[in-house]
Structure formats: structure tokens, C-alpha cells
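Student: Heads up: the protein sequence lines correspond to chains H and X, in order. Here the first sequence stands for residues 0 to 230, where the numbers follow numbering that gives the first Met the number 0. Here the second sequence stands for residues 0 to 840, where the numbers follow numbering that gives the first Met the number 0.
In short, the hints are calculated from the structure, not lab data. A couple of the hints might just be wrong.
[Said to hold, decoys possible] So the derived list for chain H, only partly shown, Cβ under 10 Å to chain X, looks like this: (1) 53; (2) 79; (3) 82; (4) 86; (5) 100; (6) 110; (7) 113; (8) 115.
As the structure is a prediction and not an experimental result, all values here were calculated from the model. Yeah, the Cβ is synthetic: ideal placement off N, Cα and C, and Gly gets one too.
Spelled out, the chains give:
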Amino acid sequence: MSDRPMLKVDRLTKTYRSAGGALTVLKEVSFQISAGATVAIVGPSGSGKTTLLGLCAGLDRPTSGSVAVAGEAIGEMDEDARALVRNAHVGFVFQNFQLIPTLTALENVLVPVELAGDSSREGEARELLARVGLGERYGHYPVQLSGGEQQRVALARAFMNRPKILFCDEPTGNLDGDTAAAMVDLIFGLNRERGTTLVLVTHDLELAKQCQRIIRLRGGAVLSDEQTQVV
Amino acid sequence: MNFILKMAWRDSRASRRRLVLVSLSVVLGIAALVGIGSLADNLQRTVEQQTKALLGSDLSVSARAPFPEAAEKYFATLGGEQAREIGLTSMVGFPTRENRRKLVQVRALEGNFPFYGELVTVPSGAMAQVLAGHSALLEETLLVQFGLQVGDEVSLGQATFTVAGALKKMPGESAAVATLSPRVYISRASLEETGLLKSRIFTTYRVYFKLPPTRDPDALVVTMKEKFQKQRWKYATVEERKRDLGQALKDTYSFISLVGFVALFLGAVGVASAMHVYIRQKLTTVAVLRCLGASARTSFAVYLIQGAGVGLIGAVCGAALGISVQLILPMVLKDFLPFTVEFYVSWAAVGKGAMAGLVICLLFTLLPLLTVRRVSPLLAIRSAQGESQGRDPWRLGLFFVIASAVLGFAIWQTGHWQTGLGFALMMAFGFGTLTGMAALVSWAAKRFVPKKSLAYVWRQGLANLHRPNNRTVLLLLSLGLGTFLMLTLVLTRDSLVEKLSGLGGGSRPNVMFFDIQDDQVARLKTIITGTGATVVGEAPIVTMKLASLKGRTADEIMKDDKSGVPGWTLRREYRSTYRATLTETEKITEGTFIGHVAPGTEVVPLSVETSLAKDLQLKLNDVLVFDVQGVPVKAYVASLREVDWQRMQANFYLVFPEGVLEPAPKTFVAAAHAATPADSSRLQQAVWKEFPSISAIDLSLVLQTVMGILEKVSFVISFMAAFTVLTGIIVLAGAVLTGRFQRIRETVLLRTLGATRKQLRQIQLVEYAVLGVLAAVTGGGLAVAANALLARFVFKMPFTLSPGVLATSIAASVAITILTGLAANRGIVDHPPLEVLRQET
Numbered sequence: 000m001s002d003r004p005m006l007k008v009d010r011l012t013k014t015y016r017s018a019g020g021a022l023t024v025l026k027e028v029s030f031q032i033s034a035g036a037t038v039a040i041v042g043p044s045g046s047g048k049t050t051l052l053g054l055c056a057g058l059d060r061p062t063s064g065s066v067a068v069a070g071e072a073i074g075e076m077d078e079d080a081r082a083l084v085r086n087a088h089v090g091f092v093f094q095n096f097q098l099i100p101t102l103t104a105l106e107n108v109l110v111p112v113e114l115a116g117d118s119s120r121e122g123e124a125r126e127l128l129a130r131v132g133l134g135e136r137y138g139h140y141p142v143q144l145s146g147g148e149q150q151r152v153a154l155a156r157a158f159m160n161r162p163k164i165l166f167c168d169e170p171t172g173n174l175d176g177d178t179a180a181a182m183v184d185l186i187f188g189l190n191r192e193r194g195t196t197l198v199l200v201t202h203d204l205e206l207a208k209q210c211q212r213i214i215r216l217r218g219g220a221v222l223s224d225e226q227t228q229v230v
Numbered sequence: 000m001n002f003i004l005k006m007a008w009r010d011s012r013a014s015r016r017r018l019v020l021v022s023l024s025v026v027l028g029i030a031a032l033v034g035i036g037s038l039a040d041n042l043q044r045t046v047e048q049q050t051k052a053l054l055g056s057d058l059s060v061s062a063r064a065p066f067p068e069a070a071e072k073y074f075a076t077l078g079g080e081q082a083r084e085i086g087l088t089s090m091v092g093f094p095t096r097e098n099r100r101k102l103v104q105v106r107a108l109e110g111n112f113p114f115y116g117e118l119v120t121v122p123s124g125a126m127a128q129v130l131a132g133h134s135a136l137l138e139e140t141l142l143v144q145f146g147l148q149v150g151d152e153v154s155l156g157q158a159t160f161t162v163a164g165a166l167k168k169m170p171g172e173s174a175a176v177a178t179l180s181p182r183v184y185i186s187r188a189s190l191e192e193t194g195l196l197k198s199r200i201f202t203t204y205r206v207y208f209k210l211p212p213t214r215d216p217d218a219l220v221v222t223m224k225e226k227f228q229k230q231r232w233k234y235a236t237v238e239e240r241k242r243d244l245g246q247a248l249k250d251t252y253s254f255i256s257l258v259g260f261v262a263l264f265l266g267a268v269g270v271a272s273a274m275h276v277y278i279r280q281k282l283t284t285v286a287v288l289r290c291l292g293a294s295a296r297t298s299f300a301v302y303l304i305q306g307a308g309v310g311l312i313g314a315v316c317g318a319a320l321g322i323s324v325q326l327i328l329p330m331v332l333k334d335f336l337p338f339t340v341e342f343y344v345s346w347a348a349v350g351k352g353a354m355a356g357l358v359i360c361l362l363f364t365l366l367p368l369l370t371v372r373r374v375s376p377l378l379a380i381r382s383a384q385g386e387s388q389g390r391d392p393w394r395l396g397l398f399f400v401i402a403s404a405v406l407g408f409a410i411w412q413t414g415h416w417q418t419g420l421g422f423a424l425m426m427a428f429g430f431g432t433l434t435g436m437a438a439l440v441s442w443a444a445k446r447f448v449p450k451k452s453l454a455y456v457w458r459q460g461l462a463n464l465h466r467p468n469n470r471t472v473l474l475l476l477s478l479g480l481g482t483f484l485m486l487t488l489v490l491t492r493d494s495l496v497e498k499l500s501g502l503g504g505g506s507r508p509n510v511m512f513f514d515i516q517d518d519q520v521a522r523l524k525t526i527i528t529g530t531g532a533t534v535v536g537e538a539p540i541v542t543m544k545l546a547s548l549k550g551r552t553a554d555e556i557m558k559d560d561k562s563g564v565p566g567w568t569l570r571r572e573y574r575s576t577y578r579a580t581l582t583e584t585e586k587i588t589e590g591t592f593i594g595h596v597a598p599g600t601e602v603v604p605l606s607v608e609t610s611l612a613k614d615l616q617l618k619l620n621d622v623l624v625f626d627v628q629g630v631p632v633k634a635y636v637a638s639l640r641e642v643d644w645q646r647m648q649a650n651f652y653l654v655f656p657e658g659v660l661e662p663a664p665k666t667f668v669a670a671a672h673a674a675t676p677a678d679s680s681r682l683q684q685a686v687w688k689e690f691p692s693i694s695a696i697d698l699s700l701v702l703q704t705v706m707g708i709l710e711k712v713s714f715v716i717s718f719m720a721a722f723t724v725l726t727g728i729i730v731l732a733g734a735v736l737t738g739r740f741q742r743i744r745e746t747v748l749l750r751t752l753g754a755t756r757k758q759l760r761q762i763q764l765v766e767y768a769v770l771g772v773l774a775a776v777t778g779g780g781l782a783v784a785a786n787a788l789l790a791r792f793v794f795k796m797p798f799t800l801s802p803g804v805l806a807t808s809i810a811a812s813v814a815i816t817i818l819t820g821l822a823a824n825r826g827i828v829d830h831p832p833l834e835v836l837r838q839e840t
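Could you build all of it, start to finish, from the sequences and the hints given here?
Tutor: Now the structure itself:
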């Protein structure tokens, strides 16, 4: 783990405006995450977790404040520039897997590198699928895979572009206990192997405790920011 | 680019059949454009190839009187070969067929006409026999209609002829000519024996020239016009015929290509709608791609490629089908073409039609595709955040481009910006009305359907009309437009037929006699009353030409390009009458009708029909001079008269008072009313027996002829309209199938919650029945409005409505909707919910 911040969030605020008036869902949130660290963001529903994840991963623009990923200030970038940053540095695992239904497992895993114009890494994609235990399921479509299998394909896809930082949004939220445990082992295992920074949004405190640090949100503000026993 | 193509291909996997189905919506529209364009090229080429056959000669000159001696001398100096023809209308009698008679065009020929092109007769040497004398060549339809055979006898005036054969094809004339009035060829020498020439005032004298190669026909026309400038002859050269024919053909295919364009437009709307649903289902995929680093442009390009693919498949299939359509079109149009069209594939037309189709399809596909650019990657983690808020200026720009493309296409096809604009506005009005109706229906379904008192299946079925992703607009458009087009055709045809059928009703005349000589009038009246018929009226006819108008000679005005007076009004031979009173078909709009003047009046008061007065730019008291067969007659406009031309009666542009024209050479027309067709036939037989030179027009025969033409025209229009109607059905099927994909989860959920098969069917039935009824009623309403407008402004007749036709069309439209809806949703309600979910999603 290095001391250089992989993710730097400074006085981040997000306000949604609608006909019913303005709604501030994040208020002046600030923190830094070092490269290689594992951090859980926890909080009750409506506390702003998903909004914070979206802003940190460059999926949305803040109303005020700044976000820097791998040293690049993404808050001020336009959408296409942020897309390039995501493709170069960021990996995602979603609660509902979000595999592209019309692509096979292998094709799903290849999307991030093919997007970057690199069509030569099929072997690596196969290895990743084998690493998550789906070595024989390359040609299967998402609809032919169970929930756990789909999430493992999503994990392989998330690591395919060798991301510097991996964002997981409730990665076990749609999985049963055993499958969820196996998934958690895989996430942390791959994270260790590849030295990736891990940011995990979850309700699950047991899962959060497996991270080195827990940031608690309530009402759109940081309630606490603590180190755990995990090294 | 590699990724975009790869992703577009992979992503289409599960939807390829559906996308191909979507592309079918534009196939017929493109096929129509390709077929018509290709036919146009074929016609053009045929016109070029058969140039000389278009006229049968290098030059023809027609006159209303025998050519003067000076002209004959001049013609003799031109060299080459000449043929002469005298044309008049007369009754031909069939003594071997119970003395039945028919009004025909008699053509008395001398010489080897046609010089170019193929004269087709059965047997092949029939024309030679005709030219030898005492034989007649009859239009093939006459032989068929009266069951005549070669060797039978026919009578013309006072002479009898032997049928030499059937005329199948004369160069430069279409079969439609025969429908209007069948042709009978005899020799010029035999015409004298008929005695018809003496009593005819509607006679055409024509000379056909086969010129030496050194003579340019068009230059010769210029010389002849100069040399014989006082003669108002009509000239026809191959170049001129080519030009006229080219223009007529262009007008025809411009019109039918616009009908094809309506099909393409409707299909494109269908594609846009289906793509809209398709793209909505792809939004999460787009969001995931964005999360993984795809730019807005990349994701947009992926779906643009798919949209272009849809258009391309449509264009290719449409082009292929269009080539087949082009094979059929000459058969459809055969009665209207003066030559046989040889088929070849015009790749330029195929390319143009396919390209126009592709562009229109792409433009419409871009509408739903624009959404892709605005999909937020946040959608992958939060379903509420679909696309960026706010107005999309690109969308507005695209609407502008589509409107411009439609307008541009219409102007390109019609060649006139006013007509093109009119067409585009009409399309906008039709589509706007149907879309507005759909919006109204959705709103009403939401606002007025009772929430409690109505049975569940009714509430659910009606709610489907306004819920998100409803298909109300598309179904109303496709069904409404189809109903509108077909019903407009049927109603207009019915109105025309009803009007024609009613023409001879009451005590109105239903038999007209003409070419009556002075000394025959009294006896004719006796014959008419003697057979139990009544004389409704008679009128003298005096032919005259306009010599001068408001102090300027007709020739001067004709040479003046800026006069604004149409040439036909100056050149024509006016057949005028004189009488003391107005008839019931006339109404004075300005001035006073003067019915009698003292003999020797210097300037005669004249009553001029309003439309002619407008063309001649005449006001009350303007002075005109007429050349009444050599005698100048000066007149002033004493009154302007409105005439109901549609009444079967002798109507005139110019009515003189009594006391002026009596000494001039003249013939008479007489109108009679016979109570029954049998009385009419008896009357005509009696007249013919005594006066074989008097011609008669029987209203029932006119009706029959007009019906024949109407049938042919309506067949051509129906053929083209069928493209739109079939496109409507494809779009309808596509919309219903799209609904299947959209509604499948809901149906399965209802099934899971205990809905019976009957209930699910009833829900669908309610939705489709309501849509079918509304579409049919809206389309029917538009058709009734269009029919009323056509009746008022084009056919100038009172508007009539046939409730039976309307009811049948509406019932058919509803039935098609319900059947398509139920057929497309079959299987969903018959199988266990899980099985359906697994197969369909």
C-alpha cells in the first residue's frame, strides 16, 4: 500500500434540482484513499452511498467540490474524457451484475479492452474467467448463467482492463449466503493479487469489516471514517 | 471502429429476426419507388427507341377544313411520301346483330400510313384490303363486343362495308383511345359513298408526311406556320410528340411515386417507432458500456450501425422487390401506354430509389437513436436516472432535416415546388390529424375511463391506450392511413358512378342526336314523339373562329407571349348557337341576356360563358369579331353566363341572339328523353332507319365507357395505394409484435397472479377493438372529408356518402386489427408463465 492517494474527494456536494425543489444528497464530503487500500462505504438507504460511488467513479458530475482518480481531476472533465479515465483506470462490479445480455461471458469480459482498441487479449480474458471458476463457460450467455456465475463474469470483466481502482456496488446484494461468501473471497483475492484499490459500497457490515477502512455516511455527510483491524 | 462494428453485430444477436421484421416496414415503400423509377427509365428508353413509331410519320398536319389549293401545291413540293386521313364521328351499324349501333371514330385513309412503327391487325393484311375499298377495319373491342367476324357486314351512313379484320395496335395511340371511342378505318374513296362528309361539321383533315432525310420536320413546321399563318392548323412532329409524351409520362409517374412515398413515409414512422422501443430496451446496455469507458459517440455509433443495417436490409429487399414490381407495372399501365415497354433493370433507378429509401429510413431511425447519446452511465447503478434532462437541440434539428427531406423529395418528384409543398402539407395534415387523434384518445382514456364501475378487463384494456410505451399513435397511424387511402378511392369512385347513373334521371335527356340537317329537324321530332319519347330541346350549331378580340387580331394575340390568353381559346373552332331564352342549365352572372335583335344589327349582343370570359379576359361591352365561315360578325359582351356543363344537354360557350346567324350554314343537335332502355333503343333504331347520317349518343353507353375508364384508373391507383395499405399492415404487425415484447412481463405477471386465459384475451380484445374502431373512424372521417373536397373542387358535384361502404370499411379495419393483435400475442397466454419468460426474454 502506498501513501499516494488513488482517490481524492474534496468538499464534494451533489444537489438534484427538480420541480419539487432542490435536494442535496451529498454535503461537503471529503476523504482520500491510498493506492491499494480497501475501503467500505456504509450507511442506511438514502444516505448518499450510491451517489458518492457514482461521483467517485466519474459516472456523474458534482455540484461542487472535486474528485481526482489516479491523480486526474475528473469533476471538471466532460463526459467523454471521464469515459476515457474509466476505461483506463476504473473497474466496476454492480449489484445486479449488469452483463450485456447479448454477449457471451468471454465477450462481456473483453468489452473494456476492445473498447480501448485492443483485440489481442482473449487469452488473458480466458485466464481471468478460469480464475473465477468459469473456465468452461466462455461461450455462455448471461441468461444461461446463475446469479453467482454472472457476478463472477462481472468481476472478471472488472479486472480485465487492469484497473487501478475497483468500485463495487453491493456486490453480494443479489446473492445467497454461500455464493456471496465465495464472491467476497474472489474480490479480495484478486484485489490482493493485482494490487488494486477497492472501494466497496454495502449495507452489509460483516462485509465492510473485511476492508481496511470504513466510511459511514448519514444524511449525505460523513458520520465516521475508521480504520478496521484488517491489515 | 472495429469495436463499434463488432459490438453492433454481437449486440444484435438476440434481436436480428426482430430487426429484419422492422426493416420490412420500409421494403414496400422502397419497392414502389424503385419500381416506378425503373419503369420511368424504361419508358424513357422505349420512347427514344420507338421515336418515329410514336407518330407513324415524320410530320402530321391537321385542319378542320380541306386543305386549300395553295397548301396542296406546297405539300407536293416537299418530296417523300404522303398519306391522307379524314376523321369524323358517326354511328356504325351492325345489320347482322339486330341492327345495333355504336358511335365510333371513322378514319378514312389514303396512302401507306403508318410509315414507321408496326400496325397490328388480325388478319395481318387487313389494312391493304381496306385501302382497296368497301372494307372496314374495326377496333378489336368492337368485334368482341358485338360478336363480329371477318366477312360480316357493317354500315356507315348510306354505305355498307365488309369487315376486313380487327385493329389491335396503331403506332402512337394508346388503348385508352379505343375505350373512349373505337376506331373504324375505311378507305378515303369509300367515304364519299357513305354521304357522311356532307352532314358533318366535326371533321378533321390530316396529312401525314414521310419526309426525305434531308428535311428537318421541326424546321418545316416553322416554315409552314410562316407560310400559312392564317390557317390554324395543328402540327405534330416526332420531337413534339416525344416532348408531350415525356411530360405526360413524367406527370403520371410523379403522381404514382408520391403514392409510393406515402408508403415509405409510413414505413419509416413504423421503423422509428420500433427502434424507439428497441433502444429503450438497450438503455441499460448503453449505460454499462459507458461505465466501461465507451464514449457517447461510440455507444451512439453502435446503434447507428444497427439502424443503418435495418435501413440497408430494407433498401436491398425493397430494391429487389421493386425490380419485380417494375415487371408488373407495365401490365398495370398497359391501357395507358401508346407502346409496348421493354423491360430492363435500370440500375440508376434502383440506386436512386434504394438511396432515397435508405436516407428517409435513417433519418427516422436517428430520432430514437439520439436518446443513446444522452444515456447516463449512472443508469447502471440507479435505474431512475435514465437520460440527461433538458431539451436536445439535435432532436429539433433532426425534425427540421426530416421535414426538409420530405419536402425536397416531394418537389424532386413533382418537379414543381407548389405541388411538392402542397403534397408535404397534405401529408403533414394527414399524419398530424391521426397523431393528434391518438393523443386525444390516450388523454381521454386516462381522464374519462371510470376507475371503479368498469369491469377489470375493460379498465386494463383501456388503460393500455395511455400507459407508458403504449402503441396508440402507431396503430392509429398505420390503420388510419390505410383506411383513409382505400376508402377515399372507393368513396370517390362510388360518388362518380352515382352521379353518372343519376344523369339521365327524371325527365332529363338521355339520348342526344347530332349532325342533324336543317331539313331533317321537323321529321326527327315527329319520329321522337312517335316512338313515345319526348323532345327535351334542340339547338342550331354554327361554327366560327375568333378573328379579333378587343381590337387586336387573334394572330397578333397569339404571337404576344405576354397576352396571358390561352392559345386554345384563340385557335379553336367555336360551335355556337343562337336562341331567345336561357336554358335551365344556364344562369346570368353579369349583364343582361338579350335573346333577339333586328336583322342587320351591326354589333350583336353576345352571352359568354364565365370561364371562357376569364380566359379571354373579357368584361361586359368588350368587342369581338368572329369569322363565321368567311363572314365577319361583330359582337359585344352583353352578359356573362354560368353553365352547368355536367348536365347532358347541348351547352355552349357562346350564345348569340336570334336574328343574326340564321342564314349561316348550320347543323342541329336535339335532346330526347326515352323512358326505358328499350324505348331508347327503339327510338335510335327508328331515327337511324330514316336518317342514317344522324349520330346518337346514348347515356347508358356513355356511362358504360366512363365506368370502363374509371375502373382502369382506379385499378392503377388502387395498385399503388396497396403499397401503403400493405405497409400499414406490416407496421401494424410490427407494432403489435413490439407490444408483445413490451407486455410480456406484465402478461406473465398477471398470469402468475391468477389471471385466466379468457381474461388476458379479453384485455387484448378491448385494447385492439378500441384502437381498430378509432383508427377506422378517424381514417373514415378523413376519407369522407377528402371525398367532400374532391367532389367540391375537382369533380364539381354534390357530395354523397355511401353508409354501407363506410360501415364495411370500418368493420374490416377493426377485424384486421383484432386478428393481427390476437395472432401476434398467441402463445403468451397458452403456456406456463415461466416457460414464456425463458423463451421470450
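Student: Which numbered conditions among the earlier hints are violated in the structure presented, ordered from lowest to highest?
Tutor: No hint contradicted; all consistent.
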